[in-house]
Structures are given as C-alpha cells and as structure tokens.
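Chemist: Numbering (our numbering), first residue to last: 751 to 862.
Calculated directly from the structure, the hints in this document are not laboratory data. Idealized CB from N, CA, C, for every residue including glycine. Incorrect hints may have been included.
Stated by the list, open to error - Here are the simulated PhoX-like pairs of lysine-lysine, each with C-alpha atoms no more than 25 Å apart in a straight line:
hint, residue 1, residue 2
1, LYS825, LYS777
2, LYS813, LYS827
3, LYS813, LYS802
4, LYS827, LYS777
5, LYS755, LYS832
6, LYS755, LYS827
7, LYS813, LYS825
8, LYS761, LYS832
9, LYS860, LYS825
10, LYS777, LYS832
11, LYS799, LYS813
12, LYS777, LYS813
Said to hold, decoys possible - Label-pair ranges, simulated between beta-carbon atoms:
hint, residue 1, residue 2, range
13, LYS761, ARG842, 38 to 46 Å
14, GLU811, ASN852, 42 to 50 Å
15, GLY845, THR753, 19 to 27 Å
16, ARG842, LEU809, 25 to 33 Å
17, GLY831, LEU795, 29 to 37 Å
18, SER796, GLY850, 51 to 59 Å
19, GLY759, ASN807, 35 to 43 Å
20, ASP800, PRO859, 42 to 50 Å
21, TYR838, ASP800, 39 to 47 Å
22, ILE856, GLU758, 16 to 24 Å
23, GLY831, GLU780, 15 to 23 Å
24, GLU766, SER858, 18 to 26 Å
25, ASP800, VAL844, 20 to 28 Å
26, ILE856, GLY818, 37 to 45 Å
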Amino acid sequence: LYTRKFVEGNKITVNELGERMIDTLTKYSERITSEQMTREFENDLSEIKDQKISEMNVLDEAKTELDGILDSIDKNKENIGKELFEAYEQSRIVGTCDCGGNLIIISSPKGG
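Produce the entire structure from the sequences given, and follow the hints as far as they go.
Modeler: In structure tokens form, the structure reads like this:
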C-alpha cells in the first residue's frame, strides 16, 4: 500500500487515490470491498482452526466468490481503468502554476 502510494504516514491514512480506488471497485464489484466478505472469511478461518469446517469447503466457497468478483471486474475493466487513471492523474497535481496550468509530480524509474 505504501509503495503504490494508496496510504501514507506512520499511522495508516487512506489518501485520495486510495479512496478513489475503493469507490471505483465498490461501483463495479461491491462485494470485493465489503466488510461482510472479510468477516465471513475470518469466521471461516476460525472454524477451520476449531475443526468445525474443512479447508476444502472454505477454498471452494472462496473460489466461487472470487470467480464472481473477477468476472465483474473483467466485464468492467475499461471503465475501471479509465476511472483509476483519472484518479492517478489527479493525485499527481500538487498545485496551480502561474501560467494557469497544473503543477504535477513527475517521477521516473531512474530518478524517483
């Protein structure tokens, strides 16, 4: 998350780019960002630990869940890509230039 600049600071704080990513993913595949899905998998892991359910049942359930999520993302990949690129472009703006344009952050693999 830090490397991709979705969060920043010592205390994890979601920045605007991270928020836009969550908003975009929620728009096109709400389940992937839901606390409910996380909670369900955490419960399943606890039940595996307590030997109440088998690992295979959880893996089958997870595969089915992820297949649906990935299908939704695949169907909307162009729109998702456009919205995330717009969010990325906005995140690079650090101010307004005297000429009326935007001051942006430009980085390269060689110079950072």
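Chemist: If a hint holds in the structure, say so; if it doesn't, say that too.
Modeler: Quick rundown of the hints versus the structure:
no.: 1; hint: LYS825 <-> LYS777; result: holds, 13 Å
no.: 2; hint: LYS813 <-> LYS827; result: holds, 20 Å
no.: 3; hint: LYS813 <-> LYS802; result: holds, 20 Å
no.: 4; hint: LYS827 <-> LYS777; result: holds, 12 Å
no.: 5; hint: LYS755 <-> LYS832; result: holds, 18 Å
no.: 6; hint: LYS755 <-> LYS827; result: holds, 21 Å
no.: 7; hint: LYS813 <-> LYS825; result: holds, 18 Å
no.: 8; hint: LYS761 <-> LYS832; result: violated, 30 Å
no.: 9; hint: LYS860 <-> LYS825; result: violated, 36 Å
no.: 10; hint: LYS777 <-> LYS832; result: holds, 13 Å
no.: 11; hint: LYS799 <-> LYS813; result: holds, 19 Å
no.: 12; hint: LYS777 <-> LYS813; result: holds, 22 Å
no.: 13; hint: LYS761 <-> ARG842: 38 to 46 Å; result: violated, 24 Å
no.: 14; hint: GLU811 <-> ASN852: 42 to 50 Å; result: holds, 46 Å
no.: 15; hint: GLY845 <-> THR753: 19 to 27 Å; result: holds, 24 Å
no.: 16; hint: ARG842 <-> LEU809: 25 to 33 Å; result: violated, 40 Å
no.: 17; hint: GLY831 <-> LEU795: 29 to 37 Å; result: holds, 32 Å
no.: 18; hint: SER796 <-> GLY850: 51 to 59 Å; result: holds, 57 Å
no.: 19; hint: GLY759 <-> ASN807: 35 to 43 Å; result: holds, 40 Å
no.: 20; hint: ASP800 <-> PRO859: 42 to 50 Å; result: holds, 48 Å
no.: 21; hint: TYR838 <-> ASP800: 39 to 47 Å; result: holds, 43 Å
no.: 22; hint: ILE856 <-> GLU758: 16 to 24 Å; result: holds, 19 Å
no.: 23; hint: GLY831 <-> GLU780: 15 to 23 Å; result: holds, 18 Å
no.: 24; hint: GLU766 <-> SER858: 18 to 26 Å; result: holds, 23 Å
no.: 25; hint: ASP800 <-> VAL844: 20 to 28 Å; result: violated, 51 Å
no.: 26; hint: ILE856 <-> GLY818: 37 to 45 Å; result: holds, 39 Å
In the structure shown, a violation is registered for the earlier hints numbered 8, 9, 13, 16, 25, in ascending order.
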